[in-house]
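Participant: Put the complex together from the two separate chains, hints included.
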Amino acid sequence: MRGVVLAAGAFALLVLASAVMLRVYPGNKEFKVFLGAFAGSVVFYAAGFWVLPADLGFIPPAWQESSPAVDLGNGLLILVLVFHGYWCFAYFSCLSPSMSIMVELRRRGSDGMTESEALAIHGSDEPVNLIFRRRLPKLLKGGYVAEEDGAYRLLTPGQRVASLGSFLKRLINAQVGA
Amino acid sequence: MLKGLLLSGTLMTLWVVVQGVVFHATAPRKAFSSMLGWFAPTIPLYLVLYWMTPANLGVLSEGFVGADWRLGLLNGLTVHVLLFLTAGLFYSHADRSITVRLLIELSRAPRQRLTLAQMQEMCGVEVLMQDRLDIMVRNGFLVSRGSRFVLTPKGWIGGSVGRVARRVFRMKAL
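Quick mapping for you: the protein sequence lines, in order, are chains U and Z.
Sequential numbering of the first sequence, starting at 152, is according to the working numbering.
Sequential numbering of the second sequence, starting at -8, is according to the working numbering.
Note that these hints are calculated values from the structure, not bench results.
Note that CB positions come from ideal geometry on N, CA and C, so glycine has one too.
Incorrect hints may appear among the rest.
Unchecked claim - Lysine-lysine pairs mimicking BS3-like chemistry, simulated, CA-CA at most 27 angstroms apart:
#1 U:289 <-> U:183
#2 Z:145 <-> Z:163
#3 U:183 <-> U:292
#4 Z:21 <-> U:320
#5 Z:21 <-> Z:145
#6 U:292 <-> Z:163
#7 U:292 <-> U:320
#8 U:289 <-> U:180
#9 Z:21 <-> U:183
#10 Z:145 <-> U:180
#11 U:289 <-> U:320
#12 U:289 <-> Z:21
#13 U:292 <-> U:180
What the hints assert, rightly or not - Anything over 10 angstroms on all C-beta distances counts as not near chain U; from chain Z, calculated:
#14 29
#15 110
#16 116
#17 131
#18 140
#19 153
#20 159
Said to hold, decoys possible - Listed next, the stretches of chain U that the computed footprint assigns to chain Z, with coverage defined by at least 3 CB atoms under 8 angstroms from CB atoms of chain Z:
#21 170 to 178
#22 300 to 312
With the rest of the complex left out, here is chain Z (with noise of 0.2 angstroms):
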C-alpha cells in the first residue's frame, strides 16, 4: 500500500504547486473546475506510474512490500481522489467563509473595531447574497428568469440532498 500512498503524495504535491500557479496567473473564474480541470490527469499518470515503477519504488524495503499490487493501486487512488475532495474543501473554507471574512472586515477596520451596521454594511445578507446567487448561477445551480431565480436539475438534486441532509441532521441556523 505504501507504493501507492507515496504516489498519490507526490502526484498531489505537484498538483498544489501547479494548481496554486494556475489560481495567481489566470484568476480562474470558476475555481472547482479549474482545480478539477488540473487534477483529471494525475489520475492516468497514477496509473501509469504505478505500472511503470518497480513494487518497492527502489527505496522501499522488504516489510513494505507485499500485498496484492491491485489493493495497492485501488486505495493509493483513493486516497489520492480524497485528497483531492479535502483541498477543494480548503479552499471552500478560505474562499467562502462568512466568519472569516467577518474578522478579516474586522482586523482591517480603524482600530480594529466595528459597529453592527457597519458589519452588515460590509459584509451582511444583501452583499453574501449578491455574491452567492451569482456564483450559483454561474456554476449551473440556478438560472435567471427575468428578476426570477429557478433551479437548474443540478440545482434541484442539491436542494434535494439538502433537504435530506436538513432532516437527517437538524441542525439550526440559530
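Extracted from the complex, chain U is given alone in its bound form (with noise of 0.2 angstroms):
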C-alpha cells in the first residue's frame, strides 16, 4: 500500500512538473522533457519510500505489504506503466493527425469537414508535408537517416529501428507496409 500511494503522489508531481517545463521548454524534442520529469519522479518515490514510516502515518497494519521490496516494486511498475500511458496521451493528444483531425472538427461542429480539408490541415498544399517537416529533421539529427544528393538515405540506427517495426507488425498481422 504504502508503495502504491508513494507511486501516485510521484506521478502527480511528474504531471505537474512536466506539464510547467513543456510551457517554458524552447526546444522540439520533448521526450527530454518527459524522462526528466519521470526520472525525477522516481527519485521522489525511492527516497519516500527510504525516508518514510512504513505505514506514511495513517496505512492500519493489515493494509500494509509484509515486504518491502514486493511493496517498492509494485509501486514502481504502477509508476512505469501509468507514465507510459502518461507519455502516449500527450503525445497523441497534441501530435496526432486523427486528435487533429477531431479538435478541428469539434470546432467546426456540424459544418464538418471534406477529405481535402482534412488533408490540407496537414500541409498537403506545400512542397513538404507537416508530417514530414517534423519528423525528417528529428531523423535527420539523430542519426537515422542521412541527406545525399536530393535524396534520404537509412543508416545503421535506423535500418535497426526498421526491422524491429516490421517485425513487431508481423507480430500482430499488421501490413508492413502500412
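Facilitator: Shown next as C-alpha cells:
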C-alpha cells in the first residue's frame, strides 16, 4: 500500500512538473522533458520509500504489505505503466494527425470537413507535408537517416528501428507497409 | 500483493498468446475491440482464481503472504488493467507509428534510398489521411455525410479531450 500511495504522489508531481516544463521548454525534443520528469518522480518515489515510515502515518497494519521489496517493486511498476500511458496520451493528443482532425471538427461543429480540407490541415498544399517537416529533421539529427544528393538514405540505427518495426508488425499481423 | 501480481502476470501472458493467434488467424478489422473482447474474460477469471487459490499459491514463502486479501486482489486487478492498456499502446506504436513506417519504406527501397517526393508518395499525408479517416469512421469517431465527415458523440468527446490536452501541454507540431 505504501508503494501505491507514494507512486500516486510521484505521478502527480510528474504531471505538474512536465506540464510546467513543456510551457517553458524552447526546443522540440519534448521526450527529454518527459524522461526528465519521470526520472525525478522515480527519485522522489525511492526517497519517500526510504525516508518515510512504513505506514506513512495513516495506513492500518492489515493494509501494509509484509515484504518491503514487493511493496517497492509494485509501486514502481504502477508508476512506470501509468507514466507510459501519460506520455503516449500527451503525444497522441498534441501531435496525432487523427486528433488534429477531431479537434478541428470539434471547432467546426455540424459543418464538418471534406477529405481535402483534412489534407490541407497537414500541409498537403505545401512542398513538404507537415508530417515530414516534423519528422525528417529529427531523423537526420538522430542519425537514423542521412541526406545525400537530394535524397534520404537509411543509416544503421534507422535500419535497426525499421527491422524492429517490421518484426512487430508481423507479430500483430499488420501490413508491413502500412 | 504478490499473489495478485503473479495471477495477473500469468493471465496476461496467456492473453498475449491467445491474442497473437487471433490476430494471425482472423486479422480483425477492429483490433482494439478484438483485444478488449479477448481480455474481458480474464477479469472474472482473475477474481475466481484469486478466490479459489490459497494465499501463498502453494509456492510463496511466509514473508510474501501478509497483507489483507482485499488489498492484494484490488492491487492485482489494477495492475492487470494497466498491463492491458500498455499492451494496447504497444500495438498502436507498432501499427500506427508514422516514423516507423517511414523507416520501413526506406529499408525496402533500392539502396535504402528515397527522394522526398517518393517518400511523400508512399507515406505522405494523402496516403496517411485516407487510412486514418477510414479507421476513425470504422471505430465510430466520425460519420460520413456525403462528401463531408462529422464527429459522432464519441468523436466529440475525443476532440474535447484533445483540445484541453493541447492547451495544457502546448507541444507544437513544428
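Participant: Looking back at the hints listed earlier, which ones does the structure fail to meet?
Facilitator: 9, 10, 12, 15, 16, 18, 19, 20
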